[in-house]
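> Given next are the chains, with one letter for each unit.
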Amino acid sequence: MKPILSADEAVKDIKDGASLMVAGFMGCGNAFTLIDALIRKGTKDINLITSDTSFPEVGVGRIICQCRAATLTASHIGTNPVSGQKMNCGDLKVTLVPQGTFAERIRAKGAGLGGVLTPTGRGTAVEEGKQKLTLGGKEYLLELPLGADVAFIKAEVADTYGNAFLPGATKNMAVVMAMAADHVILEADKIVQPGELDPERVTIPGIFVSALVKATLPASNLQLKA
Amino acid sequence: MDPKELKRVRLVKRIAQEFPDGALVNLGIGMPTMVANYIPEGRTILLHSENGFTGLGPAAPKGAENQSIVNAGGQAVTIVPGGAFFDSAMSFAIIRGGHVDYTVLGALEVDMEGNLANYMIPGKMVPGMGGAMDLVAGARNVIIAMEHVNKNGAPKILKKCTLPLTAVGEVDLIVTDMAFIRVTKKGLVLEEIAEDTTVEEVIKATEAPLHIAGKIGKF
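Protein sequences appear in the order of chains G and W. Sequential numbering from 22 applies to the first sequence in my numbering. Sequential numbering from 322 applies to the second sequence in my numbering.
No lab work stands behind these hints, which were simulated from the structure alone. We put the CB at the ideal spot given by N, CA and C, even for glycine. Certain hints may be false.
[Claimed, not checked] DEER-style ranges, computed between Cβ atoms:
#	chain 1	residue 1	chain 2	residue 2	range
1	G	GLY216	W	ALA405	36 to 42 angstroms
2	W	LYS539	G	ARG222	50 to 56 angstroms
3	W	ARG331	G	ALA146	32 to 38 angstroms
4	W	TYR359	G	LYS36	52 to 58 angstroms
5	W	LYS539	G	PRO77	45 to 51 angstroms
All chains should be built: construct the whole structure from the sequences, respecting the hints.
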């Protein structure tokens, strides 16, 4: 059984300078309640790892707009102009990673692999400073595992063992991030008893989850682009 | 329809004819997205959305948006019957593993060696590559959909790209408002031109040399 905490309790030990993975894609699948609690707590200098920085003041975009991040590792920041502004003025150190490489580096950490060999980025700025290997006549970049102190995951339903169902396109980076962070906080719209979530419907096995939080901000907080 | 839009429709229609029945296709944001509206009758393609599903459908009707179903641009969309949801690791395994038959993307520059620059302009536009590098490296066929020249009228099809590259030697086809060009080991081959232009005009608007192998078609 996993502890069921309030959002404030769940984030209280996240220290300034912590590395934080936030699952979601353009805000879809962000843990709005946890992000809100973290902003309220005032944690700063976060090393943020997220697929993209959503839209200004939407979901993970708030961590950028409220100046809580020191570094950002992401694949796309174009939909949140604040990220670009902060990068250009030196307030935010940004590392841009191809999205598939981003997912696979995180998976490698969670799966105990020493790295990933990928052709993505070959011959581009992405290969700078990286080891290259030629196997079977094809050139690959060695990409290293990527982990974090904490991950924020959003589910629709979770049981008290932490098993979680993530609907539709909200799965995105959540599955690999749940594997790769030391402490995984899972926010769920609904928390149910063991047996009430069909094991066939489990997107993320509960073994990866450290604590559960009931969502208080609705997913409709997501300002879907018209 | 204004003339510019007509030209865009003509080029995306031409691209839509390239896909065989049953192809798995990933379309970039903007003009490439329009390709889905012009698939020839009798053929069905499956669209891949890199944020985590196959069977990408049209935008969701107003009032019927599902918060959990958005496209790679964050817009509320639908999933068609026969679609499937998955996580990002699976989505990019599909891309990198060569399971996506075609990807259609825009470009800032493309060159005679099939190199592509489409993700940043240093000092100006640095949005990040998103899934573009994986798509171009992994998809079986890479089709570029773009205006033949830039806003200032300068060629975008160059001898050598000047902007930071998205991928090296991965582009297979370049389709513009003026021409249909295949990238081969020998260089760029002009196969077709738009119905309102001439071979001379296309050559003039292209910095890279164009080879002409046979009869030039029109589209």
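> It remains to establish, for every hint, whether it holds in the given structure.
Hint-by-hint comparison with the structure:
1. The given range of 36 to 42 angstroms is broken by GLY216 of chain G and ALA405 of chain W, whose C-beta atoms sit roughly 27 angstroms from each other.
2. A C-beta distance of roughly 53 angstroms is found between LYS539 of chain W and ARG222 of chain G, which places it inside the suggested range of 50 to 56 angstroms.
3. Take ARG331 of chain W and ALA146 of chain G: their Cβ atoms lie about 35 angstroms apart, and the range 32 to 38 angstroms holds.
4. A C-beta distance of roughly 54 angstroms is found between TYR359 of chain W and LYS36 of chain G, which places it inside the suggested range of 52 to 58 angstroms.
5. Between LYS539 of chain W and PRO77 of chain G the Cβ separation comes to about 46 angstroms, which falls inside the hinted range of 45 to 51 angstroms.
Violated hints amount to a single one, hint 1; each of the other numbered hints is respected by the structure.
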